[in-house]
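Two independent chains are provided; combine them into the complex using the hints.
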Amino acid sequence: MSARDAILKRLRERTDGPLSAPESDFAVVTHRGWSGQERLERFERWIASVHGEVVHTSRKGWTEALARVLADKGVRRLALGKQHPVAAEARQALVDTEVELVDVNRDIEAWQREQFESVDAGLTSTLGGIAETGSLWLWPTPDEPRLISLVPSIHVAVLDADTLEDTLFDVVEKHGWANGMPTNALLISGPSKTADIEQTLAYGVHGPRELVVLLRHASAAPGDEK
Amino acid sequence: MSEQTSGVYTYSPRQFHRQAHDALGNPQIRANFRKAMDGLMTKRRESFGDWELETLRELGANIRMRALAKLPDLLEQLEANCEANGIKVHWAEDGEQACRIIREICESHGATSVVKGKSMVSEEMHLNAHLEEAGIEALESDLGEYLVQLNEQTPSHIIMPAIHLNTDEISEILHEKTGTERTRDVDTMTAAARSQLRERFMNADVGVSGVNFAVAETGTLCLVENEGNGRMTTTVPPVHVAVTGIEKVVEHLRDVPPLYALLSRSATGQHVTTYFNMISSPRKEGEHDGPKEVHLVLVDNGRSNIYQDDELLDTLRCIRCGACMNHCPVYTRVGGHTYGTTYPGPIGSILSPHLMGLEETKDLPTASSLCGACGEVCPVKIPIPDLLVRLRRESVGEGRGNVPGAGIKRTRKEAAAWKGFQWLATHPAAWRIGTSMAGRFKALMPSKLGVWTEYRTAPKPAATTLHALVKKHQAAKPRVDKSDKERR
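Note that the protein sequences, when read in sequence, are chains A and B.
Counting with UniProt numbering, you get residues 1 to 226 for the letters of the first sequence.
Counting with UniProt numbering, you get residues 1 to 488 for the letters of the second sequence.
This is chain B alone, in the form it adopts within the complex (with noise of 0.2 angstroms):
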């Protein structure tokens, strides 16, 4: 299943171009995400004001790149020591097999109902559609997805969920689905959501979360987040499952606070978040709460073919802060549904394709104008520009062909046509007689040539080459006596 859904119709990358054109037309989805991405650039920038940016980025960056460059072996220490904290630990190929092993931890439980707090790994594996067809019923807790949830949609952004809804909407969608009073007042919707959360709360049988770190030297599992929900969901219910991705991890404990710092910042522009919540072993003999089973589920989907590969091991490095579409002249005109991904925005664009091939998101490492924005932004330093290169070569069969659904879009006429101009360009005589052909004979230049030309008009070959004018320049100036130069 590859496609994220919304009320009207069902989005998918290989209709990007489509939905980019729709989105563009729909003024209420341009001002939503122009507010909100200029508010969050500003609130970036402004809380980073004191701090030296750049050597916080270098350290984040860099404890990343030892988690990774340890990743095997710290699997396995974090397994360890969560085993030895009571957590059960499950590794999972795909999205398919994680979701059974969450779907087979609820029905042990005989569970029928699980609130859930964010979690993206587990949008990416679509775990609430799976667990409905086994007759659980999955609610989601963040205030932001319950709202997408109630409108039968999936969110447009990774930190902000329901962004590209304004006020109006989410009181529509409130009074609609929940029979709330109609009301322009913050305050009084959240308040509503709160009661109709909390008595979910108390009734679930299962919380499932996400992971922003995992611990490996202490077995610790460590959520970021403001509203309360992801405490709520790892200690009311009697069982908590995390799901997380495997890259997820890092060593020591230590290495988590400039990354809580890089994270909240970059995210939000908050200095922190509300709660920081670190959870290591379900609940001990003499404890009054918190779930009596705790579950971590480690999955790989895609990950361990990413990790194969010198270049492309970076988008690993990524901590979700969401940044890199903040920045996006793209993301910020088209919004999060166009991409069709669970991921959307620069770093979508660079994972998506190793999780759902280069055959479905082939449009998406040029949905960017290369402006290197996100990678300036990122505060682990990813190179997002690079990558998405990269990956428009893989998608052409020009790269190392280790990404799957490679040379998707070889074309025999355009790698010809490159093969050709790759021979010319190198050669230099025939390269002038071309250029100057080409210039004598620009009549016959075509004035519609595709998708190029949809927006722009035809490129005019010059009646002179560069190469003849600055040859003409050059036997036209007298020529700088050498003496005469240094005397000046």
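This is chain A alone, in the form it adopts within the complex (with noise of 0.2 angstroms):
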């Protein structure tokens, strides 16, 4: 018998017979019943307790935030797609500035290296925020592949106030997950950190120091409700 008949043979055959699920009660995890503005509120407290930074912008003028954020942290080189909107504006945006545009749709293979040793930042969208956790959820996609979350020392994030829900159960099942999932999904909530010497928390052991979120709001006026 395989290894995987023995096994399943041994929990169906259980010694003491067969067991009863018990049915769940998911109350606890959703309806926080917060206001657009205590979302963003949670959203942006939970994010800085972790050392992320919240940078205020709108729909429209979110490019020249980014152009800031790039030249006030000495970025040279930055990690972007090229067919989402947040990468097609920054790509026109930044155009004429000193930052030079490292195109990432192309196999990792070829660039491993340049990646890991000569970029300074990677753009990224997002498919939302979670208000509990101050959390950002992303679907990588071939033209913002997995790594330029990761690999680069700052991660700038572009997040749409409107997309935040209360928790992550409300995201899973609102986006209805569970229907399709991607070849990785993840939530990233601050940048990479340590404890592990000492209980002393440190920044950026493996992956990126910074994370940076531009907020981007649908009116001027940051914080408005919709």
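It is worth saying that the hints were derived from the structure and are not from the lab.
Each residue gets a CB set at the ideal place from its N, CA and C atoms; glycine is no exception.
Treat each hint with caution, since some may be false.
Stated by the list, open to error - One side only, chain B facing chain A, incomplete, derived with CB under 7 angstroms: (1) Thr55; (2) Leu56; (3) Ala134; (4) Ile170; (5) Thr180; (6) Thr188; (7) Ala192; (8) Thr235; (9) Ser281; (10) Tyr307.
Unchecked claim - No more than 30 angstroms apart at the CA atoms, straight line, and that leaves these computed lysine-lysine pairs for DSSO-like: (11) B:Lys70 - A:Lys174; (12) B:Lys419 - B:Lys381; (13) B:Lys442 - B:Lys460; (14) B:Lys442 - A:Lys9; (15) B:Lys460 - B:Lys471; (16) A:Lys174 - B:Lys35; (17) A:Lys9 - B:Lys460.
Below, the structure is given as structure tokens:
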């Protein structure tokens, strides 16, 4: 008998007989009832508590905020996609700046060392945010691959304020994750960190040292209710 | 192989008492653990501050119970969905088989270098040693695991592997093994490890990781982490092998958020970890990064045996948060290595006997004061104290006999003594005669009673028995008139 069949047989022919499965009540992880403003405040408070930076901006003027962030942090080489509107708008806005744009729509095998050693920052879109924990959710694509939110020292993520949900449970349910998962789905809540040396927090142990969230509001005034 | 190694000597659960004695006499170990555990307990308490913790724990326990109730079906569903997604699924009866499967995957790719994300099950089956014997280097990439590996040790905690080391000791290890300049600055040390490990990620042939939750309905492997080494391990090398115990499966994707909320808060008091990494397939056509091959190795290694018994089954609910050890007064004092097992602390004491047998681990179920803290903080409500008592019974042959090595601690003398006590305690006349004799001849009571009197004085029977005292008291006390009592 194969290991598989032997294991399954032992589990099925359980000594103490079959088990009954209890029903689950998920009320405790959903329906927080927060207003849009409360969601924003919570998101910002939590992500800031783990060293994430939030820059409030607008749908129209966000690329100026991006350029400022890149200049402030001395980013010279930025890795980004091409097709996603976030990438396309960023490319347009940065074309006349000092920042060199690095294409990411090529197999990692061709440019692994370049990505690890000479890219200062990665720019990605996000699919949404979670107010309860200050988290971003991303489903990497061929246009915005998995490693650009991990390998460069700075990750700049663009988040639309109206995509915030209360909890992870709400995201999973409302966006029908169970109907089809991508190759890789990610929640990101702050820059890479460790406390393995005597409980002392240190950032950037393997992944980005800094996470900047460009939080785009529909209207110009930050934090306005829709 | 059952020993855990540490630079100085080899730890074994057989030597629990000697190791505990040594650890208690080591002020460095005691200070390191006390400080860390105090911090972790406070952070956990604060992180659950505005939650309905009991309701959430109830849900967590309920989700895990449901998964176990449907375990064989869910494993088949997980396998089918993973395979449909392009993930190759393997099954292993024990650690040896699992090691062989992983080694063969490595060999089929001509791999000489493996980079690892944190995986306790790989520690349980001693994967690193197995791969090294086959000439394949296995490098730990979690910072704590990396430090412990450099120091030729094993983890002393399932979440914080290097918790037994302090900053100065770590600085010395990095200096000695990697030539890093000695420093007390944690950022400098972290940056040094970052650059050392980045080189290794780029050159690794295979990445090996654990799994926190395997979702049956979608064939998704979930990994919880803060450092990013888990994402590196599962994204950079061309082949990813995930290895997990068969009990880690959950039914639905919606079962994951409550367990994740419980795990991060219970483990380190964080409201969320930096990364939650969900892997459902290898690199697809047109995608530019990620491994081209993903394997999932499902390891039994004694778990299906635990599964047979209604009471022991609760052990398999565990989500490996480590809260039970953080709150254990014994663990805090003796540290993780003392247990001599992969899983230390209360969860280790109820799990290791199944993995290694009670012959090896007979002292672990008694390495507890049964204070109950572990059961109170467990996010999935495992009744750890009850299970410790059950294993104590098994070890003296008074249980159901379905734990390997059951009865190992049974001695004829002790069994006869308890049998005698049982008879006395259920025969009042004999009991009264016995206790009054004990009082009369108390001078004959020996002052040395084995282990009991090693740190205590021997009990002295009272001159008069409680029974006699009560009788005397009742005779002396005037009866209260019933009507008198009612008037007041």
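For each hint, the structure was consulted:
no., hint, verdict
1, Thr55, "holds, 4 angstroms"
2, Leu56, "holds, 5 angstroms"
3, Ala134, "violated, 20 angstroms"
4, Ile170, "holds, 5 angstroms"
5, Thr180, "violated, 12 angstroms"
6, Thr188, "violated, 9 angstroms"
7, Ala192, "violated, 11 angstroms"
8, Thr235, "holds, 5 angstroms"
9, Ser281, "holds, 5 angstroms"
10, Tyr307, "holds, 6 angstroms"
11, B:Lys70 - A:Lys174, "holds, 26 angstroms"
12, B:Lys419 - B:Lys381, "violated, 34 angstroms"
13, B:Lys442 - B:Lys460, "holds, 7 angstroms"
14, B:Lys442 - A:Lys9, "violated, 59 angstroms"
15, B:Lys460 - B:Lys471, "holds, 22 angstroms"
16, A:Lys174 - B:Lys35, "violated, 43 angstroms"
17, A:Lys9 - B:Lys460, "violated, 56 angstroms"
When each numbered hint is compared with the structure, violations occur for hints 3, 5, 6, 7, 12, 14, 16, 17.
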